[in-house]
Every structure is written in structure tokens, then in C-alpha cells.
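Chemist: Please work from the sequences and hints to get the whole structure.
If you're matching them up, the sequences are chains A and B in order. So that you can map any letter, position 193 of the first sequence is 674 in my numbering, and since no number is skipped, the others follow by simple counting. So that you can map any letter, position 243 of the second sequence is 922 in my numbering, and since no number is skipped, the others follow by simple counting.
Please keep in mind that the hints were generated in silico from the structure rather than gathered at the bench. A hint or two may mislead.
Said to hold, decoys possible - If you only want the chain B side, here are some residues facing chain A, beta carbon under 7 Å, derived:
no., residue
1, ALA691
2, ALA694
3, ARG698
4, HIS705
5, GLY777
6, ALA778
7, ARG780
8, THR784
9, SER785
10, PRO786
11, LEU919
12, LEU922
13, PRO938
14, ALA939
As the list claims (entries may be wrong) - The calculated lysine to any residue pairs, modelled on SDA-like cross-linking and capped at a C-alpha distance of 25 Å, are:
no., chain 1, residue 1, chain 2, residue 2
15, B, LYS853, A, GLY523
16, B, LYS853, A, THR539
17, B, LYS881, A, GLY523
18, A, LYS500, A, GLY523
19, B, LYS853, A, LEU716
20, B, LYS853, A, THR538
21, B, LYS881, B, LEU721
22, B, LYS853, A, ASN522
23, A, LYS500, B, ALA939
24, A, LYS500, A, LEU716
25, A, LYS500, B, LEU802
26, A, LYS500, B, ASP937
27, B, LYS853, A, GLN567
28, B, LYS853, A, PHE537
29, B, LYS853, A, ALA514
30, B, LYS853, A, PRO573
31, A, LYS500, B, PRO916
32, A, LYS500, B, LYS881
33, B, LYS881, B, PRO916
34, B, LYS853, A, ASP720
35, A, LYS500, A, SER576
36, A, LYS500, A, ASP720
37, B, LYS853, A, ALA499
38, A, LYS500, B, LEU721
39, A, LYS500, B, TRP934
40, A, LYS500, B, ILE852
Just so you know, these numbers come straight off a predicted model, no measurement behind them. Cβ atoms here follow ideal geometry from the backbone N, Cα and C, with glycine treated the same way.
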Amino acid sequence: MTAAPALSVQGLGFSYGAKRALDGVGFDLAPGAFCALLGPNGAGKSTLFSLMTRLFTTPEGRIEVMGHDLSRAPNAALATMGVVFQQTTLDPDLSVRRNLAYFAALHGIAGRDREHRIDAVLDRLAMRARGHERARDLNGGHKRRVEIARALLHDPRVLLLDEATVGLDAATRADITAHVHTLAAERGITVLWATHLTDEVLPEDRLLVLHQGRILADTTAAAFAPQGPLRDVFLDLTDGTQHGAI
Amino acid sequence: MAPFDPRAARIALVAIVTREALRFVHQRERFLAALVRPLVWLVVFAAGFRAALGLSIIPPYQTYITYETYIVPGLCGMILLFNGMQSSLSLVYDRETGAMRLLLTSPLPRWWLLTCKILASTLISMLQALVFLAIAAAFGVRVGWTGYIAVLPALLVAGLMLGGLGLALSSLIKQLENFAGVMNFVIFPMFFLSSALYPLWKMAESSQILYVICATNPFTYAVELIRFALYGQFNLPALLVTLGAAAGFMGLALWGYDPARGMIRRKG
Numbered sequence: 482m483t484a485a486p487a488l489s490v491q492g493l494g495f496s497y498g499a500k501r502a503l504d505g506v507g508f509d510l511a512p513g514a515f516c517a518l519l520g521p522n523g524a525g526k527s528t529l530f531s532l533m534t535r536l537f538t539t540p541e542g543r544i545e546v547m548g549h550d551l552s553r554a555p556n557a558a559l560a561t562m563g564v565v566f567q568q569t570t571l572d573p574d575l576s577v578r579r580n581l582a583y584f585a586a587l588h589g590i591a592g593r594d595r596e597h598r599i600d601a602v603l604d605r606l607a608m609r610a611r612g613h614e615r616a617r618d619l620n621g622g623h624k625r626r627v628e629i630a631r632a633l634l635h636d637p638r639v640l641l642l643d644e645a646t647v648g649l650d651a652a653t654r655a656d657i658t659a660h661v662h663t664l665a666a667e668r669g670i671t672v673l674w675a676t677h678l679t680d681e682v683l684p685e686d687r688l689l690v691l692h693q694g695r696i697l698a699d700t701t702a703a704a705f706a707p708q709g710p711l712r713d714v715f716l717d718l719t720d721g722t723q724h725g726a727i
Numbered sequence: 680m681a682p683f684d685p686r687a688a689r690i691a692l693v694a695i696v697t698r699e700a701l702r703f704v705h706q707r708e709r710f711l712a713a714l715v716r717p718l719v720w721l722v723v724f725a726a727g728f729r730a731a732l733g734l735s736i737i738p739p740y741q742t743y744i745t746y747e748t749y750i751v752p753g754l755c756g757m758i759l760l761f762n763g764m765q766s767s768l769s770l771v772y773d774r775e776t777g778a779m780r781l782l783l784t785s786p787l788p789r790w791w792l793l794t795c796k797i798l799a800s801t802l803i804s805m806l807q808a809l810v811f812l813a814i815a816a817a818f819g820v821r822v823g824w825t826g827y828i829a830v831l832p833a834l835l836v837a838g839l840m841l842g843g844l845g846l847a848l849s850s851l852i853k854q855l856e857n858f859a860g861v862m863n864f865v866i867f868p869m870f871f872l873s874s875a876l877y878p879l880w881k882m883a884e885s886s887q888i889l890y891v892i893c894a895t896n897p898f899t900y901a902v903e904l905i906r907f908a909l910y911g912q913f914n915l916p917a918l919l920v921t922l923g924a925a926a927g928f929m930g931l932a933l934w935g936y937d938p939a940r941g942m943i944r945r946k947g
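Modeler: Rendered as C-alpha cells:
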């Protein structure tokens, strides 16, 4: 028997006025799957993330997270989900610890449990000693790592990352990509990693290619580009509209 | 998590209030600016207007009062009004920096999260108003101890109304740059077209139209609620209008932040 999908998106459509941003987007992610959502800028990735995190809603289509319908049981669905947004959402004036504590509290975690979780997160990042530093004093890579760790504080079963490496140098990006792969493997959580950078996709990753609001390919990265570099096949498929691809 | 878990809701409330308080501590200039504005009115303008404006005996006052005494409740309202708009500005900033996304994607009902934000900014405003009242007392404008206690719920209700207005406005403002318009089209008319600086009968003598506008301005009722409370009296109409306006503004804010409207839409 096939396990129920951890994340199920079916027939999703969305428009900004007359502009169609998403059209019939659908996919299922099995528990523990790591999936790269690859699309050029403007493909509709952030719109898809906004719908999956219920920042806005649409009457077209259906989203389920761990069996919870996002439109009918949004709180239950959001409780099982961790999100890393494209923009950093750390409060720059608060310490790392306070940023983590704030997020934990928004998920109903308090007291000793919260402190234990924060300690564990900081230990994993080797940042226990820097927990009292203000977020603004961290470099871009550390900020991102803290945000990823923060998104996992409440033990979500699904982790969504929207261009989580934007603005970082290549070495830091590679480091963070490997970090998330390791976390996903260790914890068995489902990861949807949105990016427009082909070098962040590993050959064994499940790959969804999103272009002009539609899913153009749903396969593994190795099967998508068996002969040559992923980048070339991706550029061919998306009419070479990949800006800033590496 | 259940649709509404009271324990989780309480933990979130404490966290949001604490965050707002810490932000306030980090922005000491904001605290000073919020105090300087009403103090300039109290110390400078009131001295000038005292001779020009004769005040007859009107409730809740039982004798002739100085102009400084009259405007202190209005200046408390001014603090709440400016802070409500300041919180609106910070909400727009939160939206632009992404902090709002973090809040709105937490597994709690959106109405509760927005209520927490309003409550947090209201508590900060109340603190500032109390500090202002202490300074006003140092300048000779004092009320009884019962007044200082009775004014707390009045400040809370008025703060919730103005915080709700700020939240509603933040959902309508697309960009930080548009905030200057709020100053011109919301704060100034709301403040000057109220009973904060002059009693309504004075306005009625000058212009009946302006009097009607002042008498329908919910800020007038918030100021009167504070004024009566400071003298240990209860003004039911003021309370009802202020509560009604608070509910209306909160409803507008909920509509503005409704995910079906996609207030935080960004093309992706």
C-alpha cells in the first residue's frame, strides 16, 4: 500500500488580475521525499509558496498537508509545516535566542521544552555561544542556517524553502543545500526546495520544473538531464528565460 | 493543534507583547518623540491659548478649569492616536521585511494573531500615556488617585480602537512611502476635528458643520471616555461608541488581512 502523501497539491490555479500566475499545478510528495522546485524568476514559485502557507487563498484547487486540508483545517495543516521564506524574517534587533523563542511561542511551545529545543538547535549549528548576539550581527549564511533551524523547532513533517539561498555566495549555498539534504535524511521530513539555480539540485532529487505557472516536468534530476548538464536542458525547456542561472 | 488552543493562544500573546515591548526598548527615540509631542502642546500651546480660550463649566468638571487641565485627556488621546498609527507603520514595515509572513503562517487563527498585535501596541501606548500623566502632574495638572486607576480601562478601550484603526490602515497601505498620506488624511483630521483641544460647544459656535463632524468622530468619544475616567466618572455613550468603533476597525482589519484578499500578495 502506498503511503498517503505528506504534501498534496491538486489543480491549483491563481491569477493576479488578468495575469495567470499558476495554472493547474499539481503534485504529490511522499513522506521523507526531497523535491526541488526549479523555475526561472517569475515562474510562479513564490505564488505557489504563498498559497501553500495560506498567506493567500484561491478557490481553484486543493492543498493538503499531512492529510489536513489547508482551506478547511488551516491551523492543523500549518502546525505540521516549517517554512523558510525568500526574505529573511529574523528580527534584526533581537538576539538569536529571542528570535527562536518568539517563533517557538507562535507554535505554542514554551517553558523548559522551548529552552531545550533552542539549545539543541544552537548546538547543532555550533552557535550556542552566539545565541545572545543580535540577528543583524550574523552573516548571511548564519542567518539562513538559523532560519532553517527555526523552521524545524516545532518538528514539522514538511519543510518548505522558497529560494532559501538567495543572495549568498556559491560556497555558502552549497553548504546550506547539503545541510538541508542531511537534515531531511536524518529526520525523514518532506522537503520542497524552490530555486532558480540548477546547481542546487542533486541528481537523485525529485525535480519539478515550473514555468509560466505550469509544471513542465515531474521526474528526477538525473532522468531530466541524462545526457548533459541540467542547466542546458532546463534553459531549453524554459526558452532560455533563466536569469541568473549558474 | 486544535482550531483554537487557549494555552497556545496565551503563549503567542505573551510572545507578541514581549516582542513589541523589546522593540520599544530598542527604539527609545520613539518613546521620547511620543512624549515630546503632547508636552509641547501642554507647555507651549496651552500657555498661548489659555488667555484666548475661556472655558465654561462642562461635565465632568465642576468648576472653571485652566486650558492645560482641559487638554490633558486629549493629549493622552493624541499619544494613543499617534502610537496606533506608528504601529500601523511598523506593520507595513513588518510586511515589507517579511516578519508579518512569519506571524501569519503560525498555526493560530488570524483574528487572534491580529488581536495580539493590537493589544501589544495598546499596552505600549498606555505606558506612554501614564508617563505623560505623571509629567503633567509635575506641571500642576493633577487628578485624584481614583482617576489614575479609572483611566486605565479607558486608555485600554481607546487604545484598542486606535490600534484597530492602525491595523486596518496597514492592510490598505501598499507601501511604506504611502504612509505620509495617513498623516495628512487620518491623524490630523481625526485629532483636530475632535474634542481633544476645544470643547464641542466652542466648535458649534464657529461652525455647525464642523461641530457635526467632531460629534461623529469616534476619536472625540475616546477622548471623552478618558476625560470622564480621569475624574472618576463613567461616560456610557463614549464607551459604547468607542467599543463599537473598535469592533468596526477590527472587522475592517480582519477583512484587510483575509487570505482570500491576498493582502500580502507578491508576484512570484
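Chemist: Next, verify each hint and record whether it holds.
Modeler: Evaluation of the provided hints:
Below 7 Å, beta-carbon pairs count as interface contacts, and ALA691 of chain B has one with chain A at about 5 Å; its hint therefore holds. A distance limit of 7 Å between C-beta atoms decides the matter here; for ALA694 of chain B the minimum to chain A is near 3 Å, and the interface restraint holds. For ARG698 of chain B, the interface hint holds, since its Cβ comes within 7 Å of a Cβ in chain A; the closest pair sits about 6 Å apart. The criterion of a C-beta within 7 Å of any C-beta in chain A is met by HIS705 of chain B, whose closest approach is roughly 5 Å, and the hint holds.
Nearest Cβ of chain A to the Cβ of GLY777 of chain B: about 4 Å, under the 7 Å cut. The hint holds. Checking ALA778 of chain B against chain A: minimum C-beta separation of about 5 Å stays under 7 Å; hint holds. The interface hint given for ARG780 of chain B is met, as the beta carbon of that residue sits about 6 Å from the closest beta carbon of chain A, less than 7 Å. At its closest, the beta carbon of THR784 of chain B sits 5 Å from a beta carbon of chain A; the interface hint therefore holds under the 7 Å criterion.
The closest approach between the C-beta of SER785 of chain B and any C-beta of chain A is roughly 4 Å, which is under the 7 Å cut-off, so the hint is satisfied. Using the Cβ-Cβ criterion of 7 Å, the hint placing PRO786 of chain B at the interface with chain A is satisfied: the shortest such distance is roughly 4 Å. For LEU919 of chain B, the interface hint is violated, since its Cβ never comes within 7 Å of a Cβ in chain A; the closest pair sits about 33 Å apart. Look at LEU922 of chain B: its Cβ only gets to about 28 Å from chain A, farther than 7 Å, so that hint breaks.
Residue-level restraint check for PRO938 of chain B holds (minimum Cβ-Cβ distance to chain A is 5 Å; threshold 7 Å). At a threshold of 7 Å, the smallest CB-CB gap from ALA939 of chain B to chain A is about 5 Å, leaving the interface hint in force. Pair hint LYS853 of chain B plus GLY523 of chain A holds up; C-alpha atoms about 20 Å apart against a cutoff of 25 Å. For the hint pairing LYS853 of chain B with THR539 of chain A, the CA-to-CA distance comes to about 21 Å; that is within 25 Å, so the pair holds.
Note on LYS881 of chain B and GLY523 of chain A: the hinted pairing is violated, with a Cα-Cα distance of about 59 Å set against a maximum of 25 Å. The hinted pair formed by LYS500 of chain A and GLY523 of chain A meets the criterion: a straight-line CA distance of about 12 Å does not exceed 25 Å. Between LYS853 of chain B and LEU716 of chain A the CA atoms are separated by roughly 35 Å; this puts the pair beyond 25 Å, and the hint is violated. Using a Cα cut-off of 25 Å, the hinted pair LYS853 of chain B and THR538 of chain A holds, with the two alpha carbons roughly 19 Å apart.
The straight-line distance between the Cα atoms of LYS881 of chain B and LEU721 of chain B is roughly 19 Å, inside the 25 Å bound, and the hint therefore holds. Of the pairs offered as hints, the one joining LYS853 of chain B and ASN522 of chain A holds, with about 22 Å between alpha carbons and a cut-off of 25 Å not exceeded. The straight-line distance between the Cα atoms of LYS500 of chain A and ALA939 of chain B is roughly 17 Å, inside the 25 Å bound, and the hint therefore holds. A distance of roughly 23 Å separates the Cα atoms of LYS500 of chain A and LEU716 of chain A; the hinted pair therefore holds under the 25 Å criterion.
As the CA atoms of LYS500 of chain A and LEU802 of chain B are separated by approximately 43 Å, the hinted pair breaks the 25 Å bound. A threshold of 25 Å between alpha carbons decides the hint, and for LYS500 of chain A with ASP937 of chain B the separation of about 21 Å falls inside it, so the pair holds. Straight-line distance between C-alpha atoms of LYS853 of chain B and GLN567 of chain A comes to about 19 Å, which keeps the hinted pair within the 25 Å bound. Taking the CA atoms of LYS853 of chain B and PHE537 of chain A, the gap is near 16 Å; set against the 25 Å cutoff, the hint holds.
Restraint check for LYS853 of chain B and ALA514 of chain A: not satisfied, since their Cα atoms lie roughly 38 Å apart, outside the 25 Å limit. A threshold of 25 Å between alpha carbons decides the hint, and for LYS853 of chain B with PRO573 of chain A the separation of about 23 Å falls inside it, so the pair holds. The straight-line distance between the Cα atoms of LYS500 of chain A and PRO916 of chain B is roughly 49 Å, outside the 25 Å bound, and the hint therefore fails. Using a Cα cut-off of 25 Å, the hinted pair LYS500 of chain A and LYS881 of chain B is violated, with the two alpha carbons roughly 55 Å apart.
With a C-alpha separation of about 20 Å, the suggested pair LYS881 of chain B and PRO916 of chain B falls inside the 25 Å cut-off, and the hint holds. Taking the CA atoms of LYS853 of chain B and ASP720 of chain A, the gap is about 33 Å. The hint is violated against a cut of 25 Å. For the suggested pair LYS500 of chain A and SER576 of chain A, the alpha carbons sit about 41 Å apart, so the restraint of at most 25 Å is broken. Taking the CA atoms of LYS500 of chain A and ASP720 of chain A, the gap is near 19 Å; set against the 25 Å cutoff, the hint holds.
For the hint pairing LYS853 of chain B with ALA499 of chain A, the CA-to-CA distance comes to about 19 Å; that is within 25 Å, so the pair holds. Using a Cα cut-off of 25 Å, the hinted pair LYS500 of chain A and LEU721 of chain B is violated, with the two alpha carbons roughly 54 Å apart. For a cut-off of 25 Å, the pair hint linking LYS500 of chain A to TRP934 of chain B stands: about 24 Å separates their Cα positions. Restraint check: the Cα-Cα separation between LYS500 of chain A and ILE852 of chain B comes to about 22 Å, which is no more than 25 Å; the hinted pair holds.
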